[in-house]
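Fit chain B to the supplied structure of chain A, relying on the hints for placement.
As given, the protein sequences belong to chains A and B, one line each in that order.
Just so we're aligned: 234 in the working numbering is position 234 of the first sequence, and the numbers increase by one with no gaps anywhere.
Throughout, the working numbering is defined as the position within the second sequence, counted from one, plus 263.
Don't read these hints as lab results, they were simulated from the structure.
Predicted, not measured: the structure shown is a model, and the values here were computed from it.
Certain hints may be false.
[Said to hold, decoys possible] Below, simulated DSSO-like cross-link-like pairs (lysine-lysine); rule was C-alpha separation at most 30 Å, straight line:
hint	chain 1	residue 1	chain 2	residue 2
1	A	108	B	523
2	B	347	A	108
3	A	120	B	495
4	A	236	A	247
5	A	108	B	552
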Amino acid sequence: MISAQALNKYFHRGSVNEVHSIRDLSIEIEQGDFITIIGSNGAGKSTFLSCLSGTHPLDSGCITVDGTDVTRWPEHRRAGFIGRVFQDPLMGTCAGGSIAQNMALALKRGQRRGLSRGVKPADRELFRERLRVLGLGLEDRLQDRAGLLSGGQRQALTMVMATLVRPKLLLLDEHTAALDPKTAAQILELTENIVTAGGLTTLMVTHNMHQALALGNRLVMMHRGRIIFDVRGKEKAGLGVEDLLEKFHSQEDAEISDRMLLG
Amino acid sequence: MTLYAFLGALEQGFLYGIMALGVYLTFRILDFPDLTVDGSLPLGASVSAVTITAGHSPYLALALAAAAGFTAGAVTALLNTKLKILHLLASILTMISLYSINIRIMGGPNVALLGTPSVLTDLEGLGLPLFELTPMFFFLIAAAITAGLIWFLHTEYGQAMLATGDNRQMITALGVNTDNVIIFGVGLSNSLVAFSGALIAQNQGAADVNMGVGTIIAGLASVILGETICGKATIVRACIAVIVGSVAYRTAIALALGLKLGGFSFTPSDLNLITAFLVIIALTSPMLKRRFAR
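Bound-form chain A, shown alone (with noise of 0.2 Å):
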């Protein structure tokens, strides 16, 4: 189970440009929750993911994982229980390395990297078969450059990184957001596949409420730093589109953005 208490996470925190981003943050994430996050934009959804793999430290708060204590954990020794996707596709591999670089490199994820020979031939048939999975053929192209692939391909061989070592928490920033609408479909359904057959805890930022309503356990809306709304199993099965935006108006300030409307 992964604990987060009271998160705070200010930027130029003391200057005009003060934004609190994260206030009084907390959520138990129950082991195999897959959780959806939507809000509008700035309701700070990147950042709270952010605070949870330690690419920004936190002003307050805590995080345990199992009960351990992880808030002063740097982002490199975090990773050793957190896989994860970005937005970006081409933010979650090495263009210059092959696509069994890669995925050697995936391989090693929080644990000791020594002289032993990055990708070794045994490991060949396990990356082929994780491969084999998405359809896309890379099971043949082992030795292709990363960097030749589509933005699509590489989200894709991302997924399969992320979750070759079994993480603990797995994170996806609006991982397709910069896709087209049919790889974006195409992506989501791996992501389904992969969670589901794993029973892995995820957290899943979009901007697609009917993403956030057709997958995952659980679904969370952000607003201004804070969840203002939290509902699982058959209560969200049972939510539509209108009762979220119907959720968002009722916030005496809420600002719903075009893409949230258009979502």
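Below, chain B without anything else, positioned relative to chain A:
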């Protein structure tokens, strides 16, 4: 060009090629423009010269020089990663500090190594004249180091280093402490440069505080010339290209210095101009090739 001059260019090419491998490691692999090398080359030379004049083995001198170079590189990387000083500025700070440090080490601006043993002393008595043996000897050393670097870059840690230069956010998300990788990488780079400087000092029989001026440019010229000649499709190819580029660079300079056009000839002080010219040609040649191919 005489055979003698050509062998001299080969010798210089292999010697400075080791330095160019160090520049390749920072400039191309880590994407860390590192000017420390202008100070770590004479650092290696100084440490080597002082060790030998103190009566120690010339091989120990090489090892100490490499260690000193590693320290210098690590200082630059620490300034950058821990104190958040821009990499270029951090390396310049280390470079200028090394000027003072090198004079402290030598107790003056230079040390002569006349009549002292060097790694070349052992080559005498092998039958062949020294001007033929030395290029071969330096070729073996450069080849061994190139092979070592190629091996290293294919290890788990080496692959993480490549990824650090390529996509730092990604490799951090995969659990690598990129600060440590950069410190080790820039250190390793400068240990190669200092090792090269130590060999150069033993070869030319002197260490001088000013011998490092223009090292970074010569290194870059070698890397870029090599890429133009050999390509950089794989690590193996790119590493070998650095040595080929270094030899090509020294040969081009030897040719230019031997050139006589009527009353005009180049002097060693024209080296910088020639180097800049070579780098510009190498950088623009792919573009020119495309243009003429149409």
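Here is what the structure says about each hint:
1. 108/A with 523/B: Violated, at about 59 Å.
2. 347/B with 108/A: holds, 28 Å
3. 120/A with 495/B: holds, 23 Å
4. 236/A with 247/A: holds, 13 Å
5. 108/A with 552/B: Cα-Cα ~42 Å, so violated.
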